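Using the sequences plus the hints, can you model the full thing?
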Amino acid sequence: MKPPRFHYCAPHMLDEALALLDQNSEDTKVLAGGQSFVPLLNMRLASPTYVVDINHIAELHYIEQEDGYLAIGATVRQRQVERSLLVQEKHPLLVEVIKHIGHMQIRNRGTVVGSVAHADPAAELPALLTCLNGEVLVQSIHGERVIKAEEFFTGYLSTALEPGEMLTEVRFPLISPKTGWAFLEFARRSGDYALVGAAAVLNPAADDLCNSAHIAYLGIAGAPIRGYDVEAAIVGSALDETALDAAAEASRMLVSDDMEDVHASVEYRRVLTAELTKRVLRTAWERQSH
Amino acid sequence: MQDQEEITPLFTEECDIAMTVNGHRYKQKVSVRMLLSDFLRHELHHTGTHVGCEHGVCGCCTVLLNGEAVRSCLMFAVQANGMVVTTIEGMAGTNSDLHPIQQAFQEKHGLQCGFCTPGIIMTVHAMLHENPNPSDEEIRQELSGNICRCTGYQNIVEAVKLAAERLREQQMEVL
Amino acid sequence: MATRWFGASIPRNEDPRLLRGKGTYVDDIDLPEQLHAAVLRSTHARARILNIDVSAARELPGVHLVLTASDLGLVLEPSPLLVPHDALTQPRTQLPLALNEVHYVGEAIAFVVADDRYIAEDALDLIDVEFEPLPVIHNMEVAVAEDAPLVHQDVPGNVAAHLIQTVGDPDAVFINAPHVIRETLLMDRGAAMPMECRGVLARWDAYEEMLTCWISTQGPIPIRNGLAAIFHLPEHKVRVIAPDVGGGFGPKIMMFYPEEVLTPFAAIHLGRPVKWIEDRREHFISANQERSQLHEVEYAFDDQGILLAVRDNFIHDTGAYTPYGIIVPIITACTLPGPYRLKNYFSEFKVIYTNKVPVSPYRGAGRPHAVFVMERIMDRIASELHLDRTEVRSRNFIHPDEFPWDVGLIYQDGGPTRYDSGNYQAGLDKLKMILDYDNFPIQQAEALKEGRYLGLGIAYYVEGTGIGPYEGAQVRVESDGRVFASTGVTSQGQAHCTTFAQIVADQLGVHPQDVMVTTGDTQAFYWGVGTYASRAATIAGSAMHLAAVKVREKAIKVAADLFEAAPEDIELADGKVFVKDAPHRSLTLGQVAISANPLRYAYGENARKLMSMKLAASRQGPALPPERGAPGLEASEFYSPPHGSFASGVHGAIIEVDPKIGMVTFVKYVAVHDCGRIINPMIVEGQVHGGVAQGIGGAFFERLVYNEEGQLTNASFMDYLIPTATEIPTIVVDHLETPSPLNPLGVKGAGEAGVIPVPALFASAIDNALSTFGIRIQEMPLHPCRLYELIEESLEQKGQ
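The listed protein sequences derive, respectively, from chains A, B and C.
Following the numbering used here, the numbering of the first sequence begins with 9 at its first residue and continues without gaps.
Following the numbering used here, the numbering of the second sequence begins with 490 at its first residue and continues without gaps.
Following the numbering used here, the numbering of the third sequence begins with 12 at its first residue and continues without gaps.
Hints are computed from structural coordinates only; laboratory data are not their basis.
Since the structure is predicted, the reported quantities are computational estimates derived from the model, not experimental observations.
Even glycine gets a Cβ: it sits at the ideal position worked out from N, Cα and C.
Be aware that a few hints might be false.
[As the list claims (entries may be wrong)] Listed next, the in silico EDC-like pairs over lysine to aspartate or glutamate satisfying Cα-Cα at most 16 Å (straight line):
hint, chain 1, residue 1, chain 2, residue 2
1, A, K107, B, E578
2, C, K33, B, E578
3, A, K37, B, E619
4, C, K671, A, D237
5, A, K286, A, D237
[To be verified] Derived Cβ-Cβ restraints for the label pairs, each shown as a range:
hint, chain 1, residue 1, chain 2, residue 2, range
6, A, E152, C, R463, 47 to 57 Å
7, C, L806, A, T250, 15 to 25 Å
8, B, D505, A, E34, 27 to 37 Å
9, C, V716, B, M572, 34 to 44 Å
10, B, S624, C, D585, 56 to 66 Å
11, B, M661, A, T250, 34 to 44 Å
So, in structure tokens, the structure goes:
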């Protein structure tokens, strides 16, 4: 399966890349890690006329701790984040989530920003970003804007990016060491796209009850879903079985009616989501108590 | 590849590239859409790297790019410009002895048809470099990105354990 | 004669080359001036072709040829029906390119040849086909319904074949039987998915007027014969080579895939080599598939659990064509009785056309279905009568002293289904011991207290292997003492270059590393059939043995002459031929080979010395006396078995099921098998491991999901789930050896053994794990979603 013809360019400067993107904005695609993009080209499911390879743009290569979040530039490989001492120390949840992405060969090339920009509903990073209420930095030759995760993911492989715009940075809010966090997914094989998955962050209160909760799901709708009703079901509780049952029930409602595919019916997805919810919340809660 | 001094980068359909493969430097003009796997196999005639799916799942095409295991079917040759590539042909020593990993695969019958084998060996090479003493579970986890249809993986796991042991012994000797 | 290499787990001769990446698979061969092909495939499962416009494709720079059916001339004929049968009254085989109609998504419509594959695929995008879609027969249910549309207009009811076979008098038995149960059992489509897709490289040499094709095939000789016929060439002017093949598993024993005709056609037409390499997406929609059958089975048994009679009525999905005849369902029918005494058996099957990829054997070839049915029967008898599952089986086993056991049916080779040897109880005993079967109920009960569901499954199989018609082998000692052996079968990873070398090495006293085996090159060995049906080691191995014995005898005769010793005093060992008890009177095997060839012209030092030796003595009579036979140390022999030999085995597994979400993990897996005497245990175990992995894939991970338009909705490795190292458990293998009396080596086939009982085993284990749910698995493959649904259904039925 060979890719169709395209015109290729590999600029070294960000503003060159943005200029190129703007030239033929409807017909130009960005190539970063290529782990999602190249299969599409090989299968001729995408045939852009222009491809801009951003891998040589040094100014996009950074992992930095900013005020309250980790900023990751567009050319940083998933594996680099996985191995980064800074991230391991400051954001173990992010490391945990990245370890679930595909296989190490994929993570050696795939980029964090690229995964977010690709917005596959079964991908891990968009769900984590949504859970943490993170943001993305979008740039074009006209300027830049910051978009919140929940507004960024608009549907199946769709984002709020306009033609000519490029995702240059993803911002993962830091979580306090006192929080309980967990990430869990059900997949048929190691490294597969998950059937369903969730990232959860729970904050305890002084009375050992759950003070606040963030949970976001992948694989249950066209975009990652923040489980507000699920969170409501457990806030103020000690995550006893009653609260978990209610959370699980609430999570079933989040599964979209069109989420049927070769691996799972909608009802089965709902069953998995309910079970997943209980397990991920339990794990997160256990983590916060240690 | 565009000259690095040039101010305005241009879109092209062909590029001059240079890369080091198994210690040798190669320079060639390629179509920008040529996959790295095809470049290695048909331009450089290093046919040891195999193509099983071209959508990044089976791992037959695994090579090392600057020491990291990657799927060569998911890269364009132009993206490997200026990089160091190691393929299965680069594993055996200069006196063409088998590498300890290759040796272990033979001893443990870790291959049958041999098609997935080069990709697996490159993955194992990268794996053992990072984790010289993996458990069975870790081995299977790290191998899950390479599909084998012949062996059922069992003897591959044994081969990896034997290779790991031998490589650790070699390291001890060096020290 | 003591054998040193037979039975030894020596490392493979094949490995150093393959490990270095020096294997030669079809796509590794690049010939000067070579062009590349791509195939335009139907996107409709059933449609009329109103028009094909290739003009734009032909104009594309870099394109050399675009073929449609109308360009093929005399080559446009249906591919041969490989295995005819009287019951196959409506066979249909495929044209190299579709003419007026397409019958499955993936059917070849046009063939493009260009400078490279990239351009060839660009050209495909420029071909415009006007289709008139027709109603699609997307599964057997639709195909057999009343007034169903027809896959082939002239095949009524979509029925390609109908075969009834009866053993004994089942009707009479059913009338009086104490217990009769009726069930519907389903197995659905799966695919072999070798890691190397198909491929053809064809070269027409105008000087030699010779067609050479490198093909990733399991059967070069039949293809050579077929290509010679289709292109009107003498057979010796066609050479077909199966180089290294990256897995076969069945779909690569086939003739013709359209590309196997189109590629040489293009090469001859263009006068340049043409290469076609299948990509994975194509493989999903144009490489043969298998496994789809629906069984309505009725069985009668008594209060002791003795199986009295079986009526099995099934339909087999052959896809759009019947290239391989009806071998798969015949094998199912013959395999069903298994290791049990079944003397009253009615088997009826119909082969049904559907608008899907055609069907030909995939590892197991109908046996997994038969074992699924029979082993489900055994488990059900046990549960109905509250007997232990292994006890029921034991009561029904054929006993070791009852061989040869005639099942009463004609097997796929036209011979009787006659079990030559076996010891089924011994196999079961071994399995139970390794699994710790007797203590499992305790383990299971403990787990249940913790809310965990463990289950143990068992499945027994008897497998017909080693069928004819024949194979041959040639063995020749060269002047440097190395041995060259060739045969018509070919290899896809089974280590023939090692196992055959072991057989030959034993006779000639050399190391297997010094035996170079060539398989799969029609120029290296002319006669034979191919690698299928677990027969290569048995049939070709036996021929190797016979040829090696002949060469040994000759070497002894020549040496006896030279040393003026008695033949019984001559020994062969360590590459030497010498007089027993007088080892200084010795020559190397190579020297004996030179001596066996009366020379006029010396060549090399060895030859000169030996010639001088001989000339020193006075010579009487012809240099090559008639009793010596042919010159040199060389022999060709053929082996044809009287009928198939029957291997057997039993697998057991402990699994854990999470009934809330239908997920299953393996706790333990044991395979006990009997393939007679074993040439190389390490190789056989590897075959079992690989077969089990494919079986697990086919039971719980791999499904081919077609929609109502006949489209395969999961045509990629992302959604067709081949198990990886994390899904396959460690497999404990043990064996039993009941030698076959049918061939000189005493071996039976082992290639398919691993996969055959797995679906039955999986069902057995799940039933056992979820017995409190009252579940009864009657379909394969499963996946968690479906298992969850079945669990819910069972719970509903139990009124919970």
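Check: Does the structure break any of the earlier hints, and which numbers would those be?
Finding: 1, 3, 4, 10, 11
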